[in-house]
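There are 6 protein chains.
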Amino acid sequence: MGSVWIDACNTMGQEDSFMFMHSKRLQYTVRVSETNPGLANLMLEQFGGPQGELAAAMRYFTQAIAEDDPGRKDMLLDIATEELSHLEVIGTIVAMLNKGARGKLAEAADEQAEMYRTITGAGNDSHVTQVLYGGGPPLINSAGVPWTAAYVDTIGEPTADLRSNIAAEARAKIVYERLIALTMDPGVRDALGFLMTREVAHQKSFEKALYAIEPNFPPGKLPGDPRFSDKYFDMSQGEGNASGPWNKGAQWEIVSKRADQEAVDGGDGQASTQLTPEEKAAVLAMAARSKSATNGDPITGADLGAGPGAGKTTPLRGRD
Amino acid sequence: MGSVWIDACNTMGQEDSFMFMHSKRLQYTVRVSETNPGLANLMLEQFGGPQGELAAAMRYFTQAIAEDDPGRKDMLLDIATEELSHLEVIGTIVAMLNKGARGKLAEAADEQAEMYRTITGAGNDSHVTQVLYGGGPPLINSAGVPWTAAYVDTIGEPTADLRSNIAAEARAKIVYERLIALTMDPGVRDALGFLMTREVAHQKSFEKALYAIEPNFPPGKLPGDPRFSDKYFDMSQGEGNASGPWNKGAQWEIVSKRADQEAVDGGDGQASTQLTPEEKAAVLAMAARSKSATNGDPITGADLGAGPGAGKTTPLRGRD
Amino acid sequence: MGSVWIDACNTMGQEDSFMFMHSKRLQYTVRVSETNPGLANLMLEQFGGPQGELAAAMRYFTQAIAEDDPGRKDMLLDIATEELSHLEVIGTIVAMLNKGARGKLAEAADEQAEMYRTITGAGNDSHVTQVLYGGGPPLINSAGVPWTAAYVDTIGEPTADLRSNIAAEARAKIVYERLIALTMDPGVRDALGFLMTREVAHQKSFEKALYAIEPNFPPGKLPGDPRFSDKYFDMSQGEGNASGPWNKGAQWEIVSKRADQEAVDGGDGQASTQLTPEEKAAVLAMAARSKSATNGDPITGADLGAGPGAGKTTPLRGRD
Amino acid sequence: MGSVWIDACNTMGQEDSFMFMHSKRLQYTVRVSETNPGLANLMLEQFGGPQGELAAAMRYFTQAIAEDDPGRKDMLLDIATEELSHLEVIGTIVAMLNKGARGKLAEAADEQAEMYRTITGAGNDSHVTQVLYGGGPPLINSAGVPWTAAYVDTIGEPTADLRSNIAAEARAKIVYERLIALTMDPGVRDALGFLMTREVAHQKSFEKALYAIEPNFPPGKLPGDPRFSDKYFDMSQGEGNASGPWNKGAQWEIVSKRADQEAVDGGDGQASTQLTPEEKAAVLAMAARSKSATNGDPITGADLGAGPGAGKTTPLRGRD
Amino acid sequence: MGSVWIDACNTMGQEDSFMFMHSKRLQYTVRVSETNPGLANLMLEQFGGPQGELAAAMRYFTQAIAEDDPGRKDMLLDIATEELSHLEVIGTIVAMLNKGARGKLAEAADEQAEMYRTITGAGNDSHVTQVLYGGGPPLINSAGVPWTAAYVDTIGEPTADLRSNIAAEARAKIVYERLIALTMDPGVRDALGFLMTREVAHQKSFEKALYAIEPNFPPGKLPGDPRFSDKYFDMSQGEGNASGPWNKGAQWEIVSKRADQEAVDGGDGQASTQLTPEEKAAVLAMAARSKSATNGDPITGADLGAGPGAGKTTPLRGRD
Amino acid sequence: MGSVWIDACNTMGQEDSFMFMHSKRLQYTVRVSETNPGLANLMLEQFGGPQGELAAAMRYFTQAIAEDDPGRKDMLLDIATEELSHLEVIGTIVAMLNKGARGKLAEAADEQAEMYRTITGAGNDSHVTQVLYGGGPPLINSAGVPWTAAYVDTIGEPTADLRSNIAAEARAKIVYERLIALTMDPGVRDALGFLMTREVAHQKSFEKALYAIEPNFPPGKLPGDPRFSDKYFDMSQGEGNASGPWNKGAQWEIVSKRADQEAVDGGDGQASTQLTPEEKAAVLAMAARSKSATNGDPITGADLGAGPGAGKTTPLRGRD
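Protein chains in written order, with our numbering: chain R, 64 to 383; chain Y, 64 to 383; chain Z, 64 to 383; chain B, 64 to 383; chain X, 64 to 383; chain A, 64 to 383.
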């Protein structure tokens, strides 16, 4: 039936095989100074948050599985695996910061008023980790929102996915930077510094991999339409209008006149379709049934509800 | 009390003001050939999908509001506004492709078996648009998943956000390219070509804006730790190991030995924390209570449930 | 300590008590003609969809618990309980339509190719019910999206909640109407007709309950500001501008001039805040660090990636 | 092939065209007194929350695109556009309230313990805006939950959608009223008062538009079944039973007897379906395989796990 | 300050360290017969679905991080790591089944009508994988719903978590069984058989680990209240009432009388609270403002909307 | 046409019928001591949280509808109905704890600064209940995350679903135990103790029902493959390796050698598929287009962005 069995070349239908293993030693030593559930909660951003390590690992892992190019596939597996190890490091930091609190709640070690004060006093949603997750590291962000694969923006085209990876590493680097600015514990700061730095290194790798594809812009296969690819539509106008390399220079033509921003194809800017006679009849019937009378001033539910002497004419002055 | 009223300079606390208006003419003329709910459903990817126009508009709009740099703020408003106009174009395409089917369902124009065949025969989830949304353009993707702000990766740092924008435009360009490959209707193809091209133009603007910040790498304020910023950890090994610019060359040091990938700080790769005596007592009590007996072979629920002569020794051969 | 024990009057701190019971007889007899997983899948809209019976039951139930007014509380409990019974009716319809298919998959009664054809041929996501949920009625809509409490718009103010209830009943009525238009099975049509009619009856009850509060408009306690409560801003202009009772008549003043739509408070339409000296210093430092150079034309990643002779000047003509 | 090209009449297949533009001036002047991230976080309810401005704008915008009636379409576009401008006003308030804190975190302007105290001390999830979103206005509610299109209840039928709009405006009005009760900053109170008032005005417009359709009740096309449309089922009984206009009067017949609430169609209240012989055989096989033995008292996992002298007979007295 | 530095014993504050590595060989050889995007889509249930491998890996991994018992911790890491390797196997199956289709869409290898037929004809949501994800394995289920950590039910108490793991393995086993019943491709069947079997093995391990804790029932620390722990409330009554080991026998007391099911504490079944005088005043004011008039029959919006001679008295007969 | 009408036997196609009713008396008397929104917020875990009463009720209710076995069906309906009554009890506790605060916000009873302090000072997200939900009991967890049917793990196979139910009851018991440890209010503690105990009783019922099916392990119909059902793969190695009943004893064979963990089928551990010539051509074209050049060291965007003398060589020392 015309199909051929492919097993000799991985661009032809064969994937490099792969499997995970685990060794009992962290990639980075974690030394926490004291129980601090509030700080643990902030750390969750990089465990189960949108810019965190699970999102990173899954972004690269799903790309790796579908990738045929041997070099990129290997790189994606290397980095995905490292991100899983980072997920362990940040998760372990969370667990260590919660360790004492976890034991006390599980054993109900204090009387209730004290437990309540501890749970609610740490601030910033750490109560969720304690009450719902028992002090373990849950896959939520610091607001308690469960991780979702909606964070993963892989689309299966290398020249787009590598740009997504570059941007993701930049975002993750910044969130680590913010966490470092909030942390006094020297062991936590040290580990966060390592994790932040690795995002820089990964960004560099993805940049190299992007520019190892030539050309890589525009991404994909279809060229842009030259009538529209160099125009800049000045849609927001008034005081504050500005220019810069993004709309000025040899590559750009600015379109500022409102009339030139509409119906740029030269048509009438209208939308139309063709209907079969049956469809037309149904559309007409629907229109007739829900026709809006534009004359008259019908009494409405709000008119009924406003009552006699309703407050509509009293000025709002807030609470005096 | 030491605070100063700021109103002269927008980097000091004043934002450029802004407001939306609307004019009744599309940015691009839409001419649809015939009712096609199945195609309409695919188009929803760019209306309410993760790479679609609402995600784009909201990504740039939320950045614009918090942005202080006058040039970038203006650019973000220009492009956010254009993306809203694109949201209208793609939404109008969806509405036109559904127009005939919408009327027929609202008026129950055919007998039920025919209506059922039409609704389910168009394939690919178009039944959701018909039954739940009445043929209008809902903010869902082509699988029926509601749009979520989890798609918006704005984090409030220009050197990261501009990279996110570059990547987002690349992804949107590719999805349009795929839709074009699936569409025969010439008017739809024409409008999709325009929308795809504008993503290319926007990517160029965001690139220019990124490189108008110097330096822009690494993003943010903190430098990376030089002990770790140039290392490449070869985490995935075995046949298929590859090298390329992402791990080879003057900028890189490859770490392949497993022992050198663990505890890279030179510590013991262990995790530790300090506990107060009370915390320690609680942790010990919890450990004692849930201690696992590692000797013996307890009868389990599965042992009970397997029954006498359970099928555990019968080979799985599927259905013969 | 000044607090008083309240137990005599339910507006004072006592709730009417309540508890659910169950009796083994449906509110409406369900007679299904034949196995039809595709139709079952469409029915899920009213089981686990946004306009379905669980959303209705939970909307009224959560209102009932917090409601103090004895009449409204009783009504909300009556209708919430009836909606739970409707949830059973629609769920039973789903289960009956899936019954045969469920047995066949569980027992792998056909050979695989036939099973695959059956599962994928029914269309419209019924495969999800079969493969993931085993033919039972899952709390998803017809696209497979899990039910979420984000569908419940209760906010705890009767003059708003009753309006939400009225609207919810109107929406549910319409979705039933659409399902009736798609169903030939006489027993299913009969039961759907009952369920649809009850939404009409419930809407009437909620309307009566809303107008039993006087005044009920505007909802809540604060009056509107009379400078703005009767104005209609004509934000969308151009060909197609229209008028009707919603912007014309004694109650309305139309504002069409663009300049009168901006800064309607008479101020400058600018935004400002006060910063402490420390905050000001930090804001300035951040601005300097991320300053955008508006002159020059920096080489960008896209410039690098476009390569020599990139396709930017080739017109898009689709696939020839 | 019998189809006709439609371009003369917008009920026949042509949409009014439309496009967004932007002008750099807010609809309402925003003057914030001081940095207050905790207050900013509460304001997010009306930016990215279920009753907020994005939900409003998207509700009306998606209705407008599919609407054929010229008057309603224009009104929906007018109000959708105004809601987008409100989204800018409330977003700008958020940005202004966060401005000082944003700068300090980005520049790590304080030492860590002070930064940590500031971030966690403001309460109510403002840490999410700072750490994850860098002080910009994210599309989340005040709990950190991302905005979802599940909030948008548009279903494509005007007599239902207009009721949804009326209810949505009522809810938004109330949430603004609550925020005003929590805000001392006079500039913020002033702007909130404007936004709250506009919800009142929009509710009035939607009421007028609903009653400009005659008849508009019951919504849609199918009438209710007169056997069931005027009955009130008294499902919740016992002390506290009440009556009012919602179940008493000429329009109503109350059904209180339990037997009359079941199987109201006069059937046996049973559910049934027809199975093919093959389906029947599979269902029987499945039943036999998972048959429950109703006699005997099998040892269970819990019996095993309770151990000798398990605590089942010790009274629960909490912590003594 | 009373705290002690803990580093000698892992129940005292030290975690076993751990890190992931990767080797380029699958745990199980995957040999796919031909491109089949429809089958690939069904396989996604075990990649990104609720019962799939990512959910399993993350369930055990998050438990492992917080676990102090050395034996359980090691077991959880072993099985979590194996589940990641299974995630690779199932993901690779998806990629292989999509490989040909992926190439054709990326290269637009067929003309549009043919591409459209291929994309929509495979049925069951495979269009989402193609159009949005480019044929790679996305973290969605077979309906296109993104994976969410809401699927992970870890709560940080071993006697509960191990039961969750047992149940999860049972569910995963069943979904694999269903997929096997739908697959003719012998290589895919073979790999699915392996994955299914491993769920059986994992269930056995978790059962053994649960019963290695003595006692393990009831889970946690607090005993049940003996007044209520052996009662069975017969809440659903009428024809079909049944008994079995779950409510009959020495361990049980059945409570069938309705009156004995209410207020089982012997109180009045009422709810009450204490309010301060200020709270009482506010509650009274709120009650007065939203008081429902229980007499009279107010004209409502529905009354207005029903119009003269509205359809309320016309019987519903569906489409004749 | 070969189908038979089934109405005599409920394993043959007939369901027991069922309907809900309501009686105005709580299952357990609720006596709250004082307004406490912070405590109310924690209680939401068992109202709208993943381990709460709605999840329980819906888990058993959806199983009941599809269940054919008369005994299990009755049990599932009994317990589902009781869980609905528990939902009322816990919801009523929430409403009572919020009652005073609700009135004060609705009436704006205090001046704004005091209201703001009250709302934000209660801690732990209680502001969401107040501002968004008006003090009623919303279907969210204590972090504000809306309830989702993704929490319901019913899959339609009794031997799996009963295990899911057992685990769910164990989890719910633990969360109640934690809440009891945090609550001083004696009336709340008393009611929580009742609810916690009922989870114990329900777990016992589900255990009995599971073991009333013989055999019940492995769940489902297919046996495991004996080559793989008794093996334990020691995937995580190094210091800390442990053994116990889960991998030691007559039932187990431990596989520790890395080479024996890969390609356990005895194949080459590779993945392959067959492509048609057309597919092969497209795959090759795609590979060529996105080929990665593995030699050379291309200039990247990051190289451009690093600027002259970029900070890459400055050690990270945090804030000095």
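Incorrect hints may appear among the rest.
[Stated by the list, open to error] Calculated cross-link-like contacts (lysine to aspartate or glutamate; reagent style DMTMM-like; alpha-carbon spacing at most 20 Å):
1. Lys343/R <-> Glu302/Y
2. Lys284/B <-> Glu302/B
3. Lys311/X <-> Asp173/B
4. Lys87/B <-> Glu302/R
5. Lys320/A <-> Glu302/Y
6. Lys311/X <-> Glu277/A
7. Lys343/X <-> Glu97/A
8. Lys354/Y <-> Glu174/X
9. Lys343/R <-> Glu277/Y
10. Lys343/Z <-> Asp173/B
11. Lys294/Y <-> Asp366/A
12. Lys284/Z <-> Asp253/R
13. Lys354/R <-> Glu170/Y
14. Lys294/Z <-> Asp173/R
15. Lys294/X <-> Asp366/B
16. Lys284/Y <-> Glu174/B
17. Lys284/X <-> Asp360/R
18. Lys343/Y <-> Asp360/R
19. Lys284/Z <-> Glu170/A
20. Lys311/R <-> Glu316/Y
21. Lys311/Z <-> Glu170/R
22. Lys284/X <-> Asp366/B
23. Lys343/X <-> Glu170/A
24. Lys343/Z <-> Asp366/B
25. Lys343/Y <-> Asp366/R
26. Lys343/Y <-> Glu174/R
27. Lys284/R <-> Glu177/A
28. Lys311/B <-> Asp366/X
29. Lys294/A <-> Asp366/Y
30. Lys343/R <-> Asp366/Y
31. Lys311/A <-> Asp360/Y
32. Lys354/B <-> Glu277/A
33. Lys284/R <-> Glu316/Z
34. Lys284/R <-> Glu277/X
[Claimed, not checked] One-sided excerpt, in silico: chain Y residues whose CB lies under 10 Å from chain A:
35. Val318
36. Gly330
37. Gly359
No lab work stands behind these hints, which were simulated from the structure alone. For glycine and all other residues, C-beta sits at the position ideal for the given N, C-alpha and C.
Do the hints match the structure? See the list:
1. Lys343/R <-> Glu302/Y: violated, 63 Å
2. Lys284/B <-> Glu302/B: Violated, at about 40 Å.
3. Lys311/X <-> Asp173/B: Status violated; Cα separation ~67 Å.
4. Lys87/B <-> Glu302/R: holds, 6 Å
5. Lys320/A <-> Glu302/Y: holds, 18 Å
6. Lys311/X <-> Glu277/A: holds, 18 Å
7. Lys343/X <-> Glu97/A: holds, 12 Å
8. Lys354/Y <-> Glu174/X: violated, 65 Å
9. Lys343/R <-> Glu277/Y: Distance ~59 Å between Lys343/R and Glu277/Y Cα, so the pair is violated.
10. Lys343/Z <-> Asp173/B: holds, 13 Å
11. Lys294/Y <-> Asp366/A: holds, 16 Å
12. Lys284/Z <-> Asp253/R: violated, 54 Å
13. Lys354/R <-> Glu170/Y: Holds, at about 14 Å.
14. Lys294/Z <-> Asp173/R: violated, 60 Å
15. Lys294/X <-> Asp366/B: holds, 16 Å
16. Lys284/Y <-> Glu174/B: Distance ~15 Å between Lys284/Y and Glu174/B Cα, so the pair holds.
17. Lys284/X <-> Asp360/R: violated, 68 Å
18. Lys343/Y <-> Asp360/R: Cα-Cα ~75 Å, so violated.
19. Lys284/Z <-> Glu170/A: Distance ~7 Å between Lys284/Z and Glu170/A Cα, so the pair holds.
20. Lys311/R <-> Glu316/Y: This hinted pair is violated, its Cα atoms lying about 41 Å apart.
21. Lys311/Z <-> Glu170/R: violated, 68 Å
22. Lys284/X <-> Asp366/B: It holds: about 17 Å lies between the C-alpha atoms, which stays within 20 Å.
23. Lys343/X <-> Glu170/A: holds, 12 Å
24. Lys343/Z <-> Asp366/B: Violated, at about 67 Å.
25. Lys343/Y <-> Asp366/R: violated, 67 Å
26. Lys343/Y <-> Glu174/R: holds, 17 Å
27. Lys284/R <-> Glu177/A: Between Lys284/R and Glu177/A the Cα gap is close to 61 Å, so the pair fails against 20 Å, i.e. violated.
28. Lys311/B <-> Asp366/X: holds, 15 Å
29. Lys294/A <-> Asp366/Y: Given that 20 Å is the threshold and the Cα spacing comes to 16 Å, the pair holds.
30. Lys343/R <-> Asp366/Y: violated, 67 Å
31. Lys311/A <-> Asp360/Y: Within the cut-off at roughly 8 Å; holds.
32. Lys354/B <-> Glu277/A: holds, 8 Å
33. Lys284/R <-> Glu316/Z: violated, 54 Å
34. Lys284/R <-> Glu277/X: violated, 63 Å
35. Val318: With Cβ-Cβ at 18 Å, over 10 Å, it is violated.
36. Gly330: violated, 14 Å
37. Gly359: holds, 6 Å
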